[in-house]
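Here the structure of chain A is known, so what remains is to put chains B and C in place on it, guided by the hints.
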Amino acid sequence: MNPMSKIVRTITKFTYGIIIIFGLYIIVHGHLTPGGGFQGGAVTASAFALLLISYGNLTTDKFLKKDLFSFLESCGLTLFITLAFLGLGLTFFYNFLANSGGWFGNISAVGINPGDLNTGGVVPLMNIAVGLEVLSGLGLIVLVMAAAMEFTKKKENL
Amino acid sequence: MKTKKIIFGIAFLLFFSFILVSALQMRLFGEPVFSEMDDYFIAHAQQEAGTNNVVTSIVFDYRGFDTLGEATVLFTAICAIIALFRGVTR
Amino acid sequence: MISNFPFIAVIIFISLGIYTLIFKKNLIKIAIGLCLIENGANLFLIALGYKKEAVAPIYTLAPAGQAMVLPTPQALTLTSIVIGLATTALVLSVAMMVYKHYGTLDTDEVRRLRG
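Protein chains in written order, with this note's numbering: chain A, 1 to 158; chain B, 159 to 248; chain C, 249 to 363.
Looking at chain A on its own, in the form it has when it is part of the complex:
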């Protein structure tokens, strides 16, 4: 596919970093504000789609590799399943880090309060794992379909 004009390419250079940072903010603060793993992953994948549209197919393949995205997606799902198995002392999917002293284990105040990032237990870690999977999965769909576009064109009548 052909790259777009000079104005579009210049504006994309400024804004794709801001979109990725905003998407990662939505993923990490999933237990305090509206958002979470799936929503933040979809927002971050739209930055990859913006890069693909404005720079064309052949140029984007040089700095967004498909093997890296495939590896990250498998890492995300494996991390999610490992976190589910770690609480197997009481039950499957038990929140073993909530209200303890450990990693994300502060005790949250009851009622209306400005949130504390250190609370939540196993929920922020699961947000990061699912966000990693959705981010790389949606980016992979868009890149594979754009690469297959040349293959599925009809042959012109000679």
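Derived by calculation from the structure, the hints in this document are not laboratory data.
These figures come from a predicted structure and were not determined experimentally.
Incorrect hints may appear among the rest.
To be verified - In the PhoX-like style, the derived pairs of lysine-lysine whose C-alpha atoms are separated by at most 25 Å in a straight line are: (1) A/66 to A/153; (2) A/153 to C/277; (3) C/348 to C/277; (4) C/299 to A/153; (5) C/277 to B/160; (6) C/348 to C/273; (7) A/153 to C/273; (8) B/163 to C/273; (9) C/348 to A/66; (10) C/272 to A/153; (11) C/348 to B/160; (12) C/272 to C/348; (13) B/160 to C/273; (14) A/66 to A/13; (15) B/162 to C/272; (16) B/163 to C/272.
Coordinates of chains B and C only, in the frame set by chain A:
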């Protein structure tokens, strides 16, 4: 061909009138009937799960098994798309 | 009757989607009809859990002294949206491969020619 379209059209109008009548007889919008489980979730989500966001604590802590199934469906669909386009120069 | 307008909007979505599935011949239009039915089902799930004069079920800086909307249908809708996305991506990929093999996207032609 014409009779097939007429039969499909009559079946579609029958179906549309059926669900229109059943939607006009639904309960009033804005007054839920059974809400004991949701009242328990709203009252206890900050003590047990430690999050301020009740929806996220339901998705990942109280009903995490459904999220496991959904992550598996997404992963399988992406694997199927990659396998479908495997013959192209990747 | 006008007070439960969201349920009537759900019926309009679903019946427009079924009309497109039955009467249209292009494969892309059939994929759009499938997407319409799935969006109607998601809207129905969210509209079931609404309370009058209530706010979103989040405790961070919420307005004081108000009831909260039921949070469980929103969690189920999240799952349903992601599954709908996976289904639509697969349908469009199969449509691309059909176009490569048959040269056309008309379902009458695809049924007759033997690739």
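Structure-based check of each hint:
{"no.": "1", "hint": "A/66 to A/153", "result": "22 Å, holds"}
{"no.": "2", "hint": "A/153 to C/277", "result": "19 Å, holds"}
{"no.": "3", "hint": "C/348 to C/277", "result": "18 Å, holds"}
{"no.": "4", "hint": "C/299 to A/153", "result": "52 Å, violated"}
{"no.": "5", "hint": "C/277 to B/160", "result": "21 Å, holds"}
{"no.": "6", "hint": "C/348 to C/273", "result": "18 Å, holds"}
{"no.": "7", "hint": "A/153 to C/273", "result": "20 Å, holds"}
{"no.": "8", "hint": "B/163 to C/273", "result": "13 Å, holds"}
{"no.": "9", "hint": "C/348 to A/66", "result": "23 Å, holds"}
{"no.": "10", "hint": "C/272 to A/153", "result": "23 Å, holds"}
{"no.": "11", "hint": "C/348 to B/160", "result": "31 Å, violated"}
{"no.": "12", "hint": "C/272 to C/348", "result": "21 Å, holds"}
{"no.": "13", "hint": "B/160 to C/273", "result": "15 Å, holds"}
{"no.": "14", "hint": "A/66 to A/13", "result": "21 Å, holds"}
{"no.": "15", "hint": "B/162 to C/272", "result": "14 Å, holds"}
{"no.": "16", "hint": "B/163 to C/272", "result": "11 Å, holds"}
Hints 4 and 11 from the earlier list are contradicted by this structure; the remaining hints agree with it.
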